[in-house]
Amino acid sequence: MTVLRKVFVSMLFVIGSVQSACTLSAQTLQQAPGFYRATLGSFTFTALSDGTAPRDMAKILSKPDVATLQYDSDHEKEPIALSINAYVINTGSHWVLIDTGAGELFGETSGKLIVNMKASGIDPKQIDIVLLTHIHADHSGGLTVGGTMQFPNATVYVDKRDVDLFVNRSVTPADSPDLRRIVAQSQATVVPGTRFSFGVISSTPPRFNLHDPT
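Mapping to the working numbering: the sequence shown position 120 is 120, numbers consecutive.
Source of the hints: derived by calculation from the structure; they are not laboratory data.
Where hints are given, some of them may not hold.
Unchecked claim - Label-pair distances were calculated between CB atoms; the ranges are: (1) Phe45 - Pro173: 40 to 50 angstroms; (2) Pro33 - Lys160: 35 to 45 angstroms; (3) Asp123 - Gln31: 31 to 41 angstroms; (4) Gln31 - Pro173: 47 to 57 angstroms; (5) Val115 - Gly41: 27 to 37 angstroms; (6) Ser73 - Val191: 21 to 31 angstroms; (7) Thr109 - Ala184: 16 to 26 angstroms; (8) Ala81 - Lys160: 32 to 42 angstroms.
Beta carbons: idealized from backbone N, C-alpha and C, even for Gly.
Just need the whole structure built from these sequences, with the hints factored in.
Structural data, given as structure tokens:
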């Protein structure tokens, strides 16, 4: 084999190896507008977009003037389209979903979690653990959509005090409209039949912002 031929064969081997590596990387870390995937050690993390929710900063921030000035400097006007995201962690033995998006509670600009999850190659039936950071429309609203559980094989991990505050309570005329709405949303999405694993995640009592429109 001539030197030139040896070089040519070596180049083909290197190119083939690079292509194989790129193919593997593309399969493992495939990206698209609705999701982003990365690895950490042996875990694979997939960030999933549930869409956006238009919000007026004055109604949800303690210093709306500061936020408005910052948005103005970036040429963004209110209402601001706030991103709603959820995350799937593949540990190798479990498929863990952190938060579930807004489901059908925020209208057409959100509720895209299942579509983007499937686009990323993850079947909602694979999810065996759902970890709710707290019960609130844009975090727990995607548990049940149209009366159908979206993750039927999952156990839901959540602070029991959140369930008692927003799901198990009965509203009274003395409760604010915001609280009555949030309880109604929670009771419609965190439904009977959900498998819970309760725990106290924090020693700090759950807070409810009476001016929070979500």
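Here is how each hint holds up against the structure:
1. Phe45 - Pro173: 40 to 50 angstroms: holds, 45 angstroms
2. Pro33 - Lys160: 35 to 45 angstroms: At roughly 37 angstroms between Cβ atoms, Lys160 and Pro33 fall inside 35 to 45 angstroms, so the hint holds.
3. Asp123 - Gln31: 31 to 41 angstroms: Violated, since Asp123 and Gln31 (Cβ atoms, about 19 angstroms apart) do not stay within the stated range.
4. Gln31 - Pro173: 47 to 57 angstroms: holds, 50 angstroms
5. Val115 - Gly41: 27 to 37 angstroms: holds, 29 angstroms
6. Ser73 - Val191: 21 to 31 angstroms: violated, 44 angstroms
7. Thr109 - Ala184: 16 to 26 angstroms: The hinted range 16 to 26 angstroms holds for Thr109 and Ala184, with Cβ atoms some 21 angstroms apart.
8. Ala81 - Lys160: 32 to 42 angstroms: holds, 33 angstroms
Comparing the model with each earlier hint shows violations of hints 3, 6; every other hint is respected.
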